[in-house]
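Here is how the chains run, residue by residue.
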Amino acid sequence: MQLNKKKSVDELVQSWKNDSDIKKNILHIETIEEKPAHFASFPEKLHPSIKRALIERGISQLYTHQRDAFDYASEGQSFTAVTPTASGKSLCYHLPVLQQILQDSSSRAIYLFPTKALAQDQKTDLNNLIESMDEEILSYTYDGDTSPAIRQKIRKAGHIVMTNPDMLHSGILPHHTKWVSLFENLKYIVIDELHTYKGVFGSHVAHVIRRLKRICEFYGSKPIFICTSATIKNPKELAEKLTNTTHELISNSGAPVGKKTFLFYNPPIVHPTFGVRRSSVLEVRDLATELYKAGIQTIVFAKSRVRVEMLVTYLKELTKKKIQDESIRGYRGGYLPTERRAIEKGLRDGSIQIVVSTNALELGVDIGQLQACIMTGYPGNIASAWQQAGRAGRRQDSALIIYVAGATALDQYVVNHPKYLLGSSPEEALINPENILILMEHLKCASFELPFSMTDVYGEFEVQELLAFLEEEGVLLKTSSNWHWMSDRFPAHEISLRSSAQENVVIIDWSIQGSTKVIGEMDTYSAMTLLHEEAIYLHQGIQYQVEKLDWEEKKAFVREVDVDYFTDANLAVELKVLSEDKSKPYPSAQLGYGDVSLLAIPTIFKKIRFNTHENIGSGKIHIPPLEMHTNSTWLSFENLENWSEDVLTDALTGAAYAIGSFVPLFIQCDRKDLSVVPQVKAIHNEKPTLFIYDSYPGGIGLSEKVYDILDSIIEESIQHVDICPCENGCPSCIGVENNLQNGKEKVTKLLSFLLNEMK
Amino acid sequence: MIEMSYENKILQLKKMLGSKKEKVVEKPTFVKPPKPSYLENWVKCGLNVIENDFGVVFKREVMYSNDYKHGLYELGSLYDAIDKWENHRISHPFSLSFDDDILFFDTETTGLKGVGTHIFLIGVLEAKTDGFLLTQYVLADPSNEAAFLFESKFWQTQKTIITYNGKSFDWPQVETRWTLHRNTLPKLTNHKQIDLLHSSKRIWKNNLEKMKLTTVEEEKLGFHRKGDIPGFLAPIIYADALKSGQADTLIKVLYHNEWDLLSLVTLYIHSTNLLIETRVEEAATTLTNVGKWYGDLKHKGESERFLSKVTEHFEGPETGLAYYYLAIEQKRNGQFVEAAIHFEYAIPHLDIKKQIKAYEQLAIVYEHQLKTFEKAIRCALDGLKLIENATCFNASQKIKLIEQWEKRIQRLENKIIS
Chain A
1 MQLNKKKSVD
11 ELVQSWKNDS
21 DIKKNILHIE
31 TIEEKPAHFA
41 SFPEKLHPSI
51 KRALIERGIS
61 QLYTHQRDAF
71 DYASEGQSFT
81 AVTPTASGKS
91 LCYHLPVLQQ
101 ILQDSSSRAI
111 YLFPTKALAQ
121 DQKTDLNNLI
131 ESMDEEILSY
141 TYDGDTSPAI
151 RQKIRKAGHI
161 VMTNPDMLHS
171 GILPHHTKWV
181 SLFENLKYIV
191 IDELHTYKGV
201 FGSHVAHVIR
211 RLKRICEFYG
221 SKPIFICTSA
231 TIKNPKELAE
241 KLTNTTHELI
251 SNSGAPVGKK
261 TFLFYNPPIV
271 HPTFGVRRSS
281 VLEVRDLATE
291 LYKAGIQTIV
301 FAKSRVRVEM
311 LVTYLKELTK
321 KKIQDESIRG
331 YRGGYLPTER
341 RAIEKGLRDG
351 SIQIVVSTNA
361 LELGVDIGQL
371 QACIMTGYPG
381 NIASAWQQAG
391 RAGRRQDSAL
401 IIYVAGATAL
411 DQYVVNHPKY
421 LLGSSPEEAL
431 INPENILILM
441 EHLKCASFEL
451 PFSMTDVYGE
461 FEVQELLAFL
471 EEEGVLLKTS
481 SNWHWMSDRF
491 PAHEISLRSS
501 AQENVVIIDW
511 SIQGSTKVIG
521 EMDTYSAMTL
531 LHEEAIYLHQ
541 GIQYQVEKLD
551 WEEKKAFVRE
561 VDVDYFTDAN
571 LAVELKVLSE
581 DKSKPYPSAQ
591 LGYGDVSLLA
601 IPTIFKKIRF
611 NTHENIGSGK
621 IHIPPLEMHT
631 NSTWLSFENL
641 ENWSEDVLTD
651 ALTGAAYAIG
661 SFVPLFIQCD
671 RKDLSVVPQV
681 KAIHNEKPTL
691 FIYDSYPGGI
701 GLSEKVYDIL
711 DSIIEESIQH
721 VDICPCENGC
731 PSCIGVENNL
741 QNGKEKVTKL
751 LSFLLNEMK
Chain B
760 MIEMSYENKI
770 LQLKKMLGSK
780 KEKVVEKPTF
790 VKPPKPSYLE
800 NWVKCGLNVI
810 ENDFGVVFKR
820 EVMYSNDYKH
830 GLYELGSLYD
840 AIDKWENHRI
850 SHPFSLSFDD
860 DILFFDTETT
870 GLKGVGTHIF
880 LIGVLEAKTD
890 GFLLTQYVLA
900 DPSNEAAFLF
910 ESKFWQTQKT
920 IITYNGKSFD
930 WPQVETRWTL
940 HRNTLPKLTN
950 HKQIDLLHSS
960 KRIWKNNLEK
970 MKLTTVEEEK
980 LGFHRKGDIP
990 GFLAPIIYAD
1000 ALKSGQADTL
1010 IKVLYHNEWD
1020 LLSLVTLYIH
1030 STNLLIETRV
1040 EEAATTLTNV
1050 GKWYGDLKHK
1060 GESERFLSKV
1070 TEHFEGPETG
1080 LAYYYLAIEQ
1090 KRNGQFVEAA
1100 IHFEYAIPHL
1110 DIKKQIKAYE
1120 QLAIVYEHQL
1130 KTFEKAIRCA
1140 LDGLKLIENA
1150 TCFNASQKIK
1160 LIEQWEKRIQ
1170 RLENKIIS
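These protein sequences, in sequence, are chains A and B.
What the first sequence shows, in the numbering used here, is residues 1 to 759, in sequence order.
What the second sequence shows, in the numbering used here, is residues 760 to 1177, in sequence order.
The reader is advised that the hints may include incorrect statements.
As the list claims (entries may be wrong) - Computed spacing ranges between beta-carbons, pair by pair:
hint	chain 1	residue 1	chain 2	residue 2	range
1	A	Glu-645	B	Phe-991	37 to 47 Å
2	B	Ile-1158	A	Lys-35	52 to 62 Å
3	B	Ser-927	A	Ala-157	14 to 24 Å
4	B	Asn-1153	A	Gln-77	31 to 41 Å
5	A	Lys-156	B	Asp-842	33 to 43 Å
6	A	Glu-460	B	Ser-927	54 to 64 Å
7	B	Ser-856	A	Arg-151	52 to 62 Å
8	B	Glu-978	A	Arg-348	55 to 65 Å
9	B	Lys-1159	A	Ser-351	20 to 30 Å
10	A	Ser-515	B	Gln-1169	23 to 33 Å
11	A	Ser-351	B	Ile-1161	54 to 64 Å
12	B	Ala-1154	A	Lys-156	18 to 28 Å
To be verified - Anything over 10 Å on all C-beta distances counts as not near chain B; from chain A, calculated:
hint	residue
13	His-38
14	Ser-251
15	Lys-321
16	Lys-345
17	Gln-464
18	His-484
19	Met-486
20	Arg-489
21	Thr-524
22	Ser-579
23	Asp-711
Derived by calculation from the structure, the hints in this document are not laboratory data.
From the three backbone atoms N, C-alpha and C, an ideal C-beta is built for every residue, glycine too.
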């Protein structure tokens, strides 16, 4: 057995440069040198206890951004601070909040974190600070895990309540009368990780904040907002839209940055004719193995739960012969809280060597010092990529970031254009509180929480007509002056902030008779393709087969199995235009935007063998279709040169694939927030059409953006398909399932035709 | 067609959404709401209108004589029950004295939780010199809520409020509604509370499957409702009464509430009898439960009185738990021989977890107090066998237990050898 030899990051990179097998796959190495700190003095009025506690921690002056934060807060000005990872961003809000509580002990603050895990983590941090201040300040997390015994105390006496939007939405706001002392004295609302509040989730949270502000107004408080965000293009705009409050922006971080080495790694081509590269998952497995052997603590990011579980399965081979070795772990949403807590602890104390994660760990969970980070593919946007990269070398030491490109167009684009990642400005984060469905749901919640009067507005919205509509629906009752909630329903339970589907599917392991247990949960949309009967579901590297899916009751019953394949499922989609809000005619094409209704039908799934990734079987999925009303941009055109329907279908599919890959280059969204679907004969005009729609009921404004920039997207797609080294189409350009003769040529022809039309 | 109308609805909604125009917001001072248009309709159904500073509220009153019989008991027997507690001289959280200002209390609401749930009916029943007075207040409409709450008089002198599930439901709802009007109404008084759901659970555990008040009425209080409106319909009926202005059906909710309150009185009387008198016609489980409750309250004399009633008058499986609790009581009092005998009696009739507990207690008594190591080791071995075959523990619990017990056995073996 080969002895594992510990190496430093720099030594390892050097050895790779000398290894011809590895070297040829590294397309680019970029080193970002360290950046010195910029300091400012403590504010004069900073409370002596805070000063003492800071000095005790070796902080004798502030970074400039921390000082700016304190000054804005003192003036009563809401603000947003944009700070890189490990820049001491939490002091941007701790200092003003603690100062306020020390000046007036009746003051209260809410800290809002996007996840429970983050709140728990920040609590430890804050409590340490308070402890060294030696002052009577009570801070608590309040979430689903909080024991009923201390809830009463938190409501009455907690100075700082750390919670998440979901808990605020369904656990606090609908019961605000139990929180009188909090709402009467609320001075600060802190929103950490602002950049995560985008898309559907952000749009929901924007309403939760509007409801919160409404309750504050009822109790006579007018809190200041403090937001902190990773680098995005529009932090101020996002904060203002989210909180419906004017913000100042702090964008110059005074914190120092450590040396970072970026490797851009492209898996070798194994099938030159088809341009097929070795699987990035396998490549990451090998790189992670090298890092493991060198004793470098590493975080591996993968884009999906399935990939996380596959990598965990592969990597655990490394420790198979060691008994009870927990040094390689998976981490993703869907694990139970205790499981996650244990993993976070293992990362901090070093007993875990490699953690494989979905973007759950992108956020600022404090996992201490990791030396390296591997990205399995491009996470979809620059802000996320930098967040992931920030996971390595948090505490200013030399860090290694390896980007391993997958086969997708976007992945290949990024690995060939390192400047895109390293140099370009990050994307916009969009939210759309005007989404009428989201708005209506929260309007119900707001009515439940406090009756609207005949003159009330809701946030920036004029809602009297909508309230009248809710009266017709039978949930509101109009009296002389007010709209009162008059129903036995609890509206907050009817909305989930996190996903388009409103209910989660619970995953139940019934392997052992008499001791069935819940091992996780999943949103309904994902469940359609991941938890159908016969699907292989992976959890902590263990394979389960779904034996029964009770769609009505939202329960999936699984049994532990040991098979050498995983499953992959397809959705068929049909679109119907309901109204056209915008349109542009071209000679032989037409661009439109408006409301559409969508029917998604899960069709078949495939069984794919591990390692070789060959298709070894398939089956039908029996899940009822999902109906959705949303917004879409569409581009219809006259069939060119009388292509046969088969040719047209394939060309259109290839074009949709290419375009879909590039949308995230232009708009910050999760890949799944926006879908591109080809229809050879669209229902509304019987013409070949590409639909680009928001994958969320009611739409969230993404496809409307596409309407304005579709020509640039098409232009970028053509270039990329052109330069792709494959002969006849591959997963990196027009998709792998294309059986078209001269596919690339046809797709390029179609796209060029469309681009030409649009000029 | 249905699909289309849903889609149209959304398009319609989008058009309704306006943008806010700047407006000066004036601070609300209390404005007395107008009277609802249906006052007369509701009066025709037997309700009275009361007007106070905050608006209007409906009220219904019924006077009952002391000899009015509801199920098995006359209401006036409440005085006998209080008398019994006065003579009992044992402090118990459910005891009443003649100093208590007693108010039986129950509400009907439009939902189950949260600020959007209104109380629309407050019913109280109090003892008066010549009988019992039922008073029901009905919310005229949500804008007249302050008037409704004010009239309940919960802001006046301290009462002893007797409820069924009121501690976790009705009273917190009153507090919530009060908070919403805290700038208008006088401060809510802190009242003493007795929750009969809690006592029923203690008394009838393992005896009644459901603790719904109607179940208790039928099984224990000899009262059967006729033409009762099920509670879950109350929210719809109230909302309908507001919209239609008709109160005919709403009156049935008032009757429902009235029965609830009458049953609270007889339930209190009946529970008192069970807590004070050791009647052998009661089920063994009930007597055992009461004995256990006194034990938990540290009234060992009372506890033994109830438990030994079971062991003396019943036989076989019914006595298992009584012997078990009695033995625990006796061990606590240093009566080790008796405790050991009673644990042995109990074991064949207990569930597996309690059997294991009993073997453990026996092993301890035999080893440390009675010094009969052979007996101790027999109990330890029997206990271990049970643990090994048990299905009620998970793997890690089991391993831990087995370890503990094996240690005990080892120690006992060593003691026997030396």
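Status of each hint after checking the structure:
| no. | hint | in the structure |
| --- | --- | --- |
| 1 | A:Glu-645 with B:Phe-991: 37 to 47 Å | violated (57 Å) |
| 2 | B:Ile-1158 with A:Lys-35: 52 to 62 Å | holds (54 Å) |
| 3 | B:Ser-927 with A:Ala-157: 14 to 24 Å | holds (21 Å) |
| 4 | B:Asn-1153 with A:Gln-77: 31 to 41 Å | violated (55 Å) |
| 5 | A:Lys-156 with B:Asp-842: 33 to 43 Å | holds (40 Å) |
| 6 | A:Glu-460 with B:Ser-927: 54 to 64 Å | violated (39 Å) |
| 7 | B:Ser-856 with A:Arg-151: 52 to 62 Å | violated (34 Å) |
| 8 | B:Glu-978 with A:Arg-348: 55 to 65 Å | holds (57 Å) |
| 9 | B:Lys-1159 with A:Ser-351: 20 to 30 Å | holds (23 Å) |
| 10 | A:Ser-515 with B:Gln-1169: 23 to 33 Å | holds (30 Å) |
| 11 | A:Ser-351 with B:Ile-1161: 54 to 64 Å | violated (28 Å) |
| 12 | B:Ala-1154 with A:Lys-156: 18 to 28 Å | violated (42 Å) |
| 13 | His-38 | holds (41 Å) |
| 14 | Ser-251 | holds (29 Å) |
| 15 | Lys-321 | holds (24 Å) |
| 16 | Lys-345 | holds (19 Å) |
| 17 | Gln-464 | violated (8 Å) |
| 18 | His-484 | violated (4 Å) |
| 19 | Met-486 | violated (5 Å) |
| 20 | Arg-489 | violated (7 Å) |
| 21 | Thr-524 | holds (19 Å) |
| 22 | Ser-579 | violated (6 Å) |
| 23 | Asp-711 | holds (28 Å) |
The structure fails hints 1, 4, 6, 7, 11, 12, 17, 18, 19, 20, 22 (numbered hints given earlier, in ascending order).
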